[in-house]
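There are 2 protein chains.
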Amino acid sequence: MKNIVLIGSGNLATQLSLSLLYNGYNIIQVWSQQIKNANKLAEKIHCNATDSLKNLAKADLYIIAVKDDKIESIVKTITVDNIIHTSGGSDIDIFDNRFNNFGVFYPLQTFNKEINIDFENIPICIEANNKEFGLKLNNLAKSLSKSITFLNSKQRKKLHVAAVFACNFSNHMYTNAYNLLKEDNLDFKLLIPLINQTILKLNDNKPGDVQTGPAKRKDVKLIKHQLEMISNKKTKDLYQFITNSIIELNE
Amino acid sequence: MKNIVLIGSGNLATQLSLSLLYNGYNIIQVWSQQIKNANKLAEKIHCNATDSLKNLAKADLYIIAVKDDKIESIVKTITVDNIIHTSGGSDIDIFDNRFNNFGVFYPLQTFNKEINIDFENIPICIEANNKEFGLKLNNLAKSLSKSITFLNSKQRKKLHVAAVFACNFSNHMYTNAYNLLKEDNLDFKLLIPLINQTILKLNDNKPGDVQTGPAKRKDVKLIKHQLEMISNKKTKDLYQFITNSIIELNE
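Just so you know, the sequences run in chain order B and Z.
Residue numbers for the first sequence follow this note's numbering, beginning at 1 and rising by one.
Residue numbers for the second sequence follow this note's numbering, beginning at 1001 and rising by one.
Simulated from the structure, these hints should not be mistaken for laboratory data.
Keep in mind that the hints are not guaranteed to be accurate.
[As the list claims (entries may be wrong)] PhoX-like cross-link-like pairs, simulated, lysine-lysine; straight-line CA separation at most 20 angstroms:
#1 Z:LYS1201 with B:LYS182
#2 Z:LYS1070 with B:LYS224
#3 B:LYS224 with Z:LYS1154
#4 B:LYS206 with Z:LYS1182
#5 Z:LYS1189 with B:LYS206
#6 Z:LYS1221 with B:LYS154
#7 Z:LYS1216 with B:LYS234
#8 B:LYS70 with Z:LYS1216
#9 B:LYS182 with Z:LYS1154
#10 B:LYS201 with Z:LYS1182
#11 B:LYS218 with Z:LYS1146
#12 B:LYS2 with B:LYS58
#13 B:LYS221 with Z:LYS1070
#14 B:LYS154 with Z:LYS1002
#15 Z:LYS1221 with B:LYS234
#16 Z:LYS1234 with Z:LYS1182
#17 B:LYS113 with Z:LYS1216
#18 B:LYS206 with Z:LYS1113
#19 Z:LYS1146 with B:LYS224
#20 Z:LYS1058 with Z:LYS1002
#21 Z:LYS1224 with B:LYS70
#22 Z:LYS1201 with B:LYS189
#23 Z:LYS1236 with B:LYS154
#24 Z:LYS1216 with B:LYS67
#25 Z:LYS1002 with B:LYS146
#26 Z:LYS1189 with B:LYS201
#27 Z:LYS1224 with B:LYS67
#28 Z:LYS1113 with B:LYS216
#29 Z:LYS1234 with B:LYS216
#30 B:LYS136 with B:LYS146
#31 B:LYS233 with B:LYS182
#32 B:LYS67 with Z:LYS1221
#33 B:LYS154 with Z:LYS1154
[Stated by the list, open to error] Using C-beta positions, here's what the derived DEER-type ranges look like:
#34 Z:LYS1070 with B:LYS146: 47 to 57 angstroms
#35 Z:LYS1154 with B:TYR22: 28 to 38 angstroms
#36 Z:LYS1040 with B:ASN205: 47 to 57 angstroms
#37 B:GLN240 with Z:LYS1221: 44 to 54 angstroms
#38 Z:GLU1114 with B:ALA57: 53 to 63 angstroms
#39 B:LYS224 with Z:SER1143: 51 to 61 angstroms
#40 B:LYS233 with Z:LYS1154: 18 to 28 angstroms
Quick reminder that beta carbons are idealized off the backbone N, C-alpha and C, glycines included.
Let's have the full structure, built from the sequences with the hints guiding it.
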């Protein structure tokens, strides 16, 4: 599976194609709905660009790396031998029997086009419709990363939900901290050492075991006082809701 | 202010005393309500121990490092010249005119007794009742840390609320992720690279600018699907509440 056609040109498509290229694979074509976007990535990785699913090049593997809600219509339009998608949230059953070999190749990470990222430590979660194709995907994954896990669609989607908590929701907590500090012209950077230390503890501990703070201590007086410090109604409600959630979990 | 009496023997008291010792200060006595706890820390830092506030040794500075709700009763019991507390959540006004010099010395970090921590990068927030004492506290802080900020009590308490969001609430998100994965025997360690990358982005970006995920994209279909994946009612409610909070903030 040396010759690859990439369907998609977003953050994940960009970083995955760079990593494949770096590890000796040939990306022979990039497709995007917008030819402008396909051209932009194709220039970066020196290959053909197209916006037509009917003119895809012949390749050993087709990788769909687009938004979840775009996968199905692409799958219905093309017929090829070996095809995978890269989504945590979409089932393997989105492919049907028109394909000989199909699967999922989900790198568990948050990607930006402009921030190049080393795949070596990114967990890659694999699923395939048959054992032989699974082994081929395993080899592909092994050439990019040290961390490979076979997951079925239910497990992968569960992991995706957990990732929303661990990445998106925690980032929303930082956003609320940022906005609170901004009201008093305080620098968010003050919190970075604290955030780093919180993460560092996760290497050797379950997060539940290192929970600290007023909610964990059920320090009702401080909770009440902190709620009074928050002027924005929505932020206050969020503080109250998560505080209750921590207290209930510890009861 | 070379000779210091430490009032408290908890996580912060332990780490602060080690850092002071390492930087040439003398801790001459440790007080704790439980003599057992005072002895334990005193052994570690080679000094006297007491459980009597009436028998405190003579010192240049008294540092109160105890839980917020214990500070006031200690302050009311003792009369000394130079005194500070180390709390983010307590006002400087907790001291009264019986003291010549008083202030707050708040290291913004999460501490454990057993995890030794370098104070060099910990922001220390200072407040004092007069300029001269403020300068003395500044010198003390400078000998421990590169990051010193003068904050009044309102600012410090606001920072403390922000820290609850950034540290305690984000850790609660990790706990929920952990529990979701545990249901399917999946390893929480899979999420560590994702969590690290989320934090790394904060060095160069506002958290609101790097928010990703289904709520940010208002991907209603995926949100509905993910809610169906969560069997625990409380976890489901938390997912829904934070999702709404992200959507509302972006509107």
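Hints, one by one, checked against the model:
1. Z:LYS1201 with B:LYS182: OK: LYS1201 of chain Z and LYS182 of chain B at ~19 angstroms, within 20 angstroms.
2. Z:LYS1070 with B:LYS224: holds (17 angstroms)
3. B:LYS224 with Z:LYS1154: holds (15 angstroms)
4. B:LYS206 with Z:LYS1182: holds (11 angstroms)
5. Z:LYS1189 with B:LYS206: holds (10 angstroms)
6. Z:LYS1221 with B:LYS154: holds (17 angstroms)
7. Z:LYS1216 with B:LYS234: Judged against 20 angstroms, a Cα distance of about 17 angstroms means the pair holds.
8. B:LYS70 with Z:LYS1216: Given pair LYS70 of chain B, LYS1216 of chain Z holds - Cα atoms ~17 angstroms apart, limit 20 angstroms.
9. B:LYS182 with Z:LYS1154: holds (14 angstroms)
10. B:LYS201 with Z:LYS1182: holds (19 angstroms)
11. B:LYS218 with Z:LYS1146: violated (33 angstroms)
12. B:LYS2 with B:LYS58: holds (12 angstroms)
13. B:LYS221 with Z:LYS1070: Roughly 12 angstroms between the alpha carbons, so the hint for LYS221 of chain B and LYS1070 of chain Z holds.
14. B:LYS154 with Z:LYS1002: Violated, at roughly 61 angstroms.
15. Z:LYS1221 with B:LYS234: Answer violated: LYS1221 of chain Z to LYS234 of chain B is near 24 angstroms, above 20 angstroms.
16. Z:LYS1234 with Z:LYS1182: Given that 20 angstroms is the threshold and the Cα spacing comes to 16 angstroms, the pair holds.
17. B:LYS113 with Z:LYS1216: Holds - the C-alpha atoms of LYS1216 of chain Z and LYS113 of chain B are around 18 angstroms apart, at most 20 angstroms.
18. B:LYS206 with Z:LYS1113: holds (17 angstroms)
19. Z:LYS1146 with B:LYS224: The given pair, whose Cα atoms are some 33 angstroms apart, is violated under the 20 angstroms limit.
20. Z:LYS1058 with Z:LYS1002: holds (12 angstroms)
21. Z:LYS1224 with B:LYS70: holds (17 angstroms)
22. Z:LYS1201 with B:LYS189: holds (12 angstroms)
23. Z:LYS1236 with B:LYS154: Satisfied, since the Cα-Cα distance of roughly 17 angstroms is no more than 20 angstroms.
24. Z:LYS1216 with B:LYS67: holds (13 angstroms)
25. Z:LYS1002 with B:LYS146: Not satisfied, since the Cα-Cα distance of roughly 52 angstroms exceeds 20 angstroms.
26. Z:LYS1189 with B:LYS201: holds (12 angstroms)
27. Z:LYS1224 with B:LYS67: holds (16 angstroms)
28. Z:LYS1113 with B:LYS216: holds (18 angstroms)
29. Z:LYS1234 with B:LYS216: OK: LYS1234 of chain Z and LYS216 of chain B at ~17 angstroms, within 20 angstroms.
30. B:LYS136 with B:LYS146: holds (16 angstroms)
31. B:LYS233 with B:LYS182: holds (16 angstroms)
32. B:LYS67 with Z:LYS1221: holds (12 angstroms)
33. B:LYS154 with Z:LYS1154: violated (48 angstroms)
34. Z:LYS1070 with B:LYS146: 47 to 57 angstroms: Given range 47 to 57 angstroms: holds, Cβ gap about 48 angstroms.
35. Z:LYS1154 with B:TYR22: 28 to 38 angstroms: Distance hint for LYS1154 of chain Z, TYR22 of chain B is violated at roughly 52 angstroms.
36. Z:LYS1040 with B:ASN205: 47 to 57 angstroms: About 22 angstroms separates the Cβ atoms of LYS1040 of chain Z and ASN205 of chain B, which means 47 to 57 angstroms is violated.
37. B:GLN240 with Z:LYS1221: 44 to 54 angstroms: The hint (44 to 54 angstroms, Cβ to Cβ) is violated, given that GLN240 of chain B and LYS1221 of chain Z are roughly 29 angstroms apart.
38. Z:GLU1114 with B:ALA57: 53 to 63 angstroms: holds (59 angstroms)
39. B:LYS224 with Z:SER1143: 51 to 61 angstroms: violated (37 angstroms)
40. B:LYS233 with Z:LYS1154: 18 to 28 angstroms: holds (20 angstroms)
Taken one by one, the earlier hints fail for this structure at numbers 11, 14, 15, 19, 25, 33, 35, 36, 37 and 39, listed in ascending order.
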